[in-house]
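Undergrad: Got two chains here, separate frames each, mind docking them using the hints?
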Amino acid sequence: MNTSTPGARCGIALTDNLAGTEAELTTVRQALDFAADFFRAHAPCAGDAGIERASEDPHLILLFGQLLSRLHAAQELLAKARRLAGIDSTKPVQTGSNEQAAAAVAAIEARAFASDLMTDAISRLVALGCHTLPYRNSHATPVVTSPTPVANHWNYHFAGNYHLKGVVPPSLAVDTRTKDQIPEGRR
Amino acid sequence: MTSSPSRPLGGILFTPPAHVIGSDAEAVQVAHELARALAPGAAARDRRRPLPAPELDMLSKSGILAVTVPRTHGGADVSNQTVGRIFQILSAADPAIGQLPQNHFVFLDAIRQDGTATQQKHFFAEVLAGARFGNAQAERGSSSALDLRTRLTRTRHQGLRLDGTKYYCTGAIVAQWIPVAALDDANRLVLVYVPSNSPGVEVRADWNAMGQRVTYSGTTVLTNVAVSSEHVIEHWRLFERPSLFHSFGAFIHAAIDVGIAQNALEDTASLLKNRKRPRLGAAVDQPLDDPHIITRFGQLATRFHAAEELLLRAARALDQAAPDVNAQNAAEASVAVSEAKAFAEDVAIEVASELFALVGSGATDDTLNLHRHWRNARTHTVHDANQWRYHAAGNFFLNGVAPGKPVRRPAVTPG
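Just so you know, the sequences run in chain order S and B.
Residue 187 is where the first sequence ends in our numbering, and the numbering goes up by one at each step.
Residue 415 is where the second sequence ends in our numbering, and the numbering goes up by one at each step.
With the rest of the complex left out, here is chain B (with noise of 0.2 Å):
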């Protein structure tokens, strides 16, 4: 996009007051009206990319983007099996609304896993309230995704400032706070939750990737934005002990990618049922009666449901990990959840390229964009390489090896 606007401040800030949820099985009813509010308009929000504010405040007011406030706080404390259904169901919708919150469950967990109780009492708050999380994390150009150079700093009479310049900002253009990754004074990794109309914060419209295009997953610049010692989430402190926490994270992508191939298999089944001419060299009267079809689809169709299996079982090693985490469980949470992801990317890529190979050249047709599929599971799936989630499995189980945390790479000097 060229000379786009960066964010309109107004409208977007202001949340009404959101329903609560109380349940799993309520979270997940409202999860389905939501995928049927979004799924009519997911393929041209794809082609015409406004900004998701209203689909945002949709899913704010709804209550969904609470479900995970701890009960002692209001919230509903879903399992992770209900997390995971909620991100599939709204992804098989449109998997760019459905990544957008991806980030906002994840430092939400930030702040229960390492937040103080003030701030937990006030950030639960804000969040059952209907206020989201955006995100700004990674950094164009580094060496590691935690090789950071936006650094907090306490100043002799401005207190605490942020200062860098962020990419993959998903969430954050239309979030109320943006959970910022930094280095404070001691080099240690610290959350900055910046409420997003602070001066200094600008987050730019610039996200021109093939896929997941309303993500708007761009970039955030901040100059020397004032801090509240309040919002500062000692982050480092996660990596002193085993946890969950970047499983989770890796698991809800997970479930967007399954919510893709869904969405795919579902439209190519759609597709197929109302074509009319079979394929070339096909001696049968229509599509459906074609052998290859129908063959081909019952395989893609069990891949799915392998896929979604897989899921569940990532859930239930999260779930079952939660109450009391340790090392062993951790590390076997983390390989279901690698399992998941890869083979959730596999047949997501399958089932979306096959889509034109099963319905023929009539889906090729651009003003269809039946393409999107593929798109979003190509772009939504390349930052974190599926070869490596098998990796870690294999290693698991041939050598042993528990799958690490993101480490903190030295910079490498030449020489």
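So here's chain S without its partners, still in its complex pose (with noise of 0.2 Å):
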């Protein structure tokens, strides 16, 4: 991210979103599925009896419908992105347009609602007694795939700024402070 000179643009920009939400995605999914095997194969945490295998706790049943649900959801929020964005099609959005506002916001609600959907389930699944699952990997991924990491809630209000106020991302706005004016760190 290059913020060095004015006129330059700051924020994250709309590819690395949608890459960050990716990798999330896959994360969350990856996640789901080591979990299930895990709780197929192990008694639940807490001793109810009458069930066996932890994959059938009606409450472990519940969580993993509503993890679910919200991975799909984040899918769809991912894949509307990349429509708005015109990335699989022959004609991307244009620079400066209303389209491309609508989709820089599209895909800043992807990535806040895959991150914070991929906090969630890690915690939610290791609190359950899947301590195994690589969930290491699962932090990394954020800094691995995107050079300026944005704190979930700063994506949340940069789309309500845009709903509420009409203010474009940070990403697509254009920086006219001097070099002089960015504190150091954040050149």
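Some hints could be false.
[Unchecked claim] Here are the simulated DSS-like cross-link-like pairs (lysine-lysine), alpha carbons at most 27 Å apart as the crow flies:
# : chain 1 : residue 1 : chain 2 : residue 2
1 : S       : Lys165    : S       : Lys80
2 : B       : Lys276    : S       : Lys165
3 : S       : Lys165    : B       : Lys273
4 : S       : Lys80     : S       : Lys91
5 : B       : Lys61     : B       : Lys121
Quick caveat, the hints were computed from the structure, so don't treat them as lab data.
TA: Printed below as a string of structure tokens:
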């Protein structure tokens, strides 16, 4: 991310958000698959009489349903952002257009929704006894896939600002600051 | 409501010839036009609860209630995606009016599923002309939704007769036909399509729920009602094969909840734009500069969009399975609908409640009737617990258990 010269863009670019979302959702999908195998092979962590395998625990089944719903929703939000950005079409959206702003916001929403899901999924599955989950990889994911990780609440903030006030996300805004006005660590 | 009159027959049963919609695109366009007409009166209707006959007549005339009639019978046979959009659009304007035709589309599908050629010709023509189906399906106090006491009996001298008492009869009070779920002499589940002005049919205006108030989902009493065998659909056949019938009904309910969420979210945005005073403790000049309001609104908008996308995903699953339904694709579609429905409930309830947290005390003014969003969402979602919808999705993934059709549970005998 180059913000060292005036006029450069700041914030996370659309393509970075799409890639980050995709990576996080792959992590969630793998975690759910891994945990499903684990729970099918293990007894419930709390001793519920009459249930042999954790995968038959109604509370765990409910949790899986909730996480799967969010996973599928996130996959659709990602597909929507790709569609709006014209990623798979021969005619990408134009720079500076309303369509570009809408696509950038859709990507931001997909990313925020996916990040929330990843954090929740890993933490809940581990809490239910799936300690062997390769969760360390998942925490590395956003760092690996995006040069400047944006805290999730700021992504929601960018989305809220766009919907309420029509403010385009910082990644599309032209940065009019001079080099001296940008703090050292952010250049 | 006390001493409410039963449905006045005059006026409601007459529907002038309806417009016939020709395509998916036209159906969506007409839905938008109807929504624009419905939105301004929604809050007042919730408060005063007039019989929604003029609104349903408007729907009939527009042709929107006939869009799933097959093309071979002169309809537009629109996709499930379009049906979902229609219900979201209408429900974002007035979810009670939006819910009223839910049963209509379900019982139109029942005819498509198991009606004879003669029955299909008759009823599809009725619907294209503007006729509406209500519903008289559920009974209070039974052990399951299909444990029915309503009977269709062949009498020695009077032909077929129908007797029973129904509740949750959404749409019956403004319908020309009331499909009644009953058991026949062989104990099989049938749907009896009764003209609503038949002698022995009494639709009561006794719906008194806190939300979805204009749906009039109250009691229908059937006393020795004469029935023509031409109006009896052998609904039991549906349970002997994989079908999308029940998923389709739940899908429409999900679309209604997405519409309620949209209604509440749009109200939240427009109220915030007009508020002058920041919340207590916020060091900003106006609410729209409050970082916590902006972020929370962004979160709610994101979750609403997620619910919209899950609805589209469910529509796709239904549309893909429809041409060749089998056990596998019916199960997958059912799970996709369950996910959409459960998530839509969560979002509708959340947005309708957070509206007050973000807009502030002014929004609680009873005369604004903003609490109707929460009352509507809560009332509409409790008949189908979202935990079991999530459970169905989890069980399919974890244990490969396909979601079941509604079953007739044998009566439990004590001892």
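Undergrad: State for each hint whether it applies.
TA: Quick rundown of the hints versus the structure:
A threshold of 27 Å between alpha carbons decides the hint, and for Lys165(S) with Lys80(S) the separation of about 22 Å falls inside it, so the pair holds. Proposed proximity of Lys276(B) and Lys165(S) is supported: the alpha carbons are some 15 Å apart, at most 27 Å. Of the pairs offered as hints, the one joining Lys165(S) and Lys273(B) holds, with about 8 Å between alpha carbons and a cut-off of 27 Å not exceeded. Distance restraint check for Lys80(S) and Lys91(S): the Cα-Cα separation of roughly 16 Å lies within the 27 Å cut-off, and the hinted pair is therefore satisfied.
Taken as a hint, the Lys61(B) and Lys121(B) pair is honoured in the structure, with Cα atoms around 20 Å apart against an allowance of 27 Å.
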